[in-house]
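A.B. asks: One-letter residues, chain by chain:
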Amino acid sequence: MKRSPTVRLLLMGAAPVLLTACEAQEEAVLYKDVAECVAGARLTQDQCQAAFDHAKSEHERVAPRYTSQSDCETDFGAAKCQAVNQGAGIQYIPLMAAYALGYYAGRPNYYQSQPLYYSHTTFGSGGYINSGGQPVARSTGNATVSRSAMQAPTRAVTMSRSGFGSSSSARGGWGGSSGS
Amino acid sequence: MRRILTPERPDWRDTAARLGFRFHTIDGEPYWDESACYAFTLQQIEQDLEDPTFELHQMAMGLVEEIVNSEELMDRLAVPVDYRDWIAESWRRGEPHLYGRMDLAYDGNGPAKLFELNYDTPTSLYEAAFFQWVWLEEQKQRGVIAQNADQYNLIQDLLVETFATIAPDLPKPLYFSAMRESQEDQGTIAYLRDCAEQAGIDTRTIAIEDIGLSTDSRFTDLDDYVIPALFKLYPLEFLFADRFGPALPRSGIRLIEPPWKTLLSNKGILPLLWQKHAGHPNLLEAHFETGTSGALGPGWVRKPLYSREGANVTLILPDGSQHVAAGPYDDAPWIRQAVHPLPRFDGNYAVIGSWVVADRAAGIGIREDTTLITRDTSRFLPHIILD
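Taken in sequence, the protein lines are chains V and F.
With UniProt numbering applied, the first sequence covers 1 to 180.
With UniProt numbering applied, the second sequence covers 1 to 387.
No incorrect hints appear here.
The following residues of chain F were derived to be distant from chain V, with all beta-carbon distances above 12 Å:
# : residue
1 : G108
2 : N109
3 : G297
4 : F345
Taking lysine to any residue pairs in the SDA-like style, the calculated list, with each CA pair at most 20 Å apart, reads:
# : chain 1 : residue 1 : chain 2 : residue 2
5 : V       : K2        : F       : A146
6 : F       : K140      : V       : P5
7 : V       : K2        : F       : Q147
8 : V       : K80       : V       : G127
Here's a subset of chain F near chain V, in silico, CB distances under 10 Å, partners left out:
#  : residue
9  : V160
10 : G187
11 : E197
12 : L213
13 : F219
14 : F244
15 : I385
Derived by calculation from the structure, the hints in this document are not laboratory data.
Backbone N, C-alpha and C define an ideal beta-carbon position, used for all residues, glycine too.
Start from the sequences, fold in the hints, and give me the full structure.
C.D. replies: So, in structure tokens, the structure goes:
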């Protein structure tokens, strides 16, 4: 046979067919706080603290943000949101609920820890998500997670948009398509 | 190779709607056309299309190393000076590519001839990889097409496999981007995104026009998240010419297709292939146009280095008759290629789009037009293999 044995659509069609993702998995560990980390006995007190401090320092910058407190509490629960003002007016972000670190070649990446948030809807009955909204694990402790879930997205201050796309319109919207 | 009239599936428009195919009719004109199909023998597919596609691809890939190490060749291809190092770096780092389409002239006999490589922003992918596959299955079930008919179409398998192969080293999420208003381009990226998701890659979409530039020269989405990797169905040379272009080399963004792929999408690759493999049965003689080239003579085609959808192509047949496709790409140097008229079936000129995924020949799609120069007005027809 010279053609694909099956073809599938997950998102594009009206009736998706779901497949098992085959992304690389990696080991990670989640802690609610420094005390739980120390009790886990995998890291020293200093490492636990350093990992927590790094996650905490990232938290306000990367957390999902909302313009209204009620929207934030709908997703994360009553009294689980805080107000921040980073120059764009008052915004609401969930409280940091835990922090996670991955293991690379068996060694803890405690200097690249990331903040996690507790969502009541993820995993069906609640669990921890990262700042990009990706589910990480149902509970704290050891977990196996997809590699991308441990690569938290980075944010930056956007100063300008609409800097791409003008060449196509300058060429008269050729056939309405930029492809060939 | 025969053109066979086939009854349309009466419900194909519903099927298209269910399967996300929204650009089967473009500006009121039919684009997907199943009133006929092309039938090939397995030998025609394997010997005349699949093998030459692989060989031509290898020949083209063999030129990249030479081009990135030569200022003279970069000049000939009119690659903007400011982006040359970045393009060369993307090649030396081995940034993976995903797909390309080469357009071949073939009538069922003799060697297929390479018209050009669409290696940066190829379209007609969903209809080739997916919808023509579904067409064959349904027509076989309904007894319209013979039960033993096959199709040369491993495109989706290889796309998903390639995404899975490049996934571990790809920064994520992977954003898919095209011009907001182009339904065809949006359809193509929706399909590619679907294939990436099937391979387990975390994906997003953003319109080309919505991409932001941050204070520290990184590209951002509408929520200010840095875009670590971008599939762009938008010519790299357009990105260069746009206001944000100069930020590309230091932005750290990973592009698919990677920057080096623009070298192979450049029509200048055709004379370079001819210089290296003059007389190859699948190549048409081609030269760069220079000040001493003189007027275009009978038997030659003139194409801009950068052009899409047949725009700005001028063709003079051996009998002296001239065929011109107007267009906006009149500002780059030109190449000349020996005329090889497309074969005509029932009054339609057919061109074969032969897909390459990663480095493998993957399948074909056929477009027909009423003119010798295949344009964005062409129609897509399905094909079968039937011995």
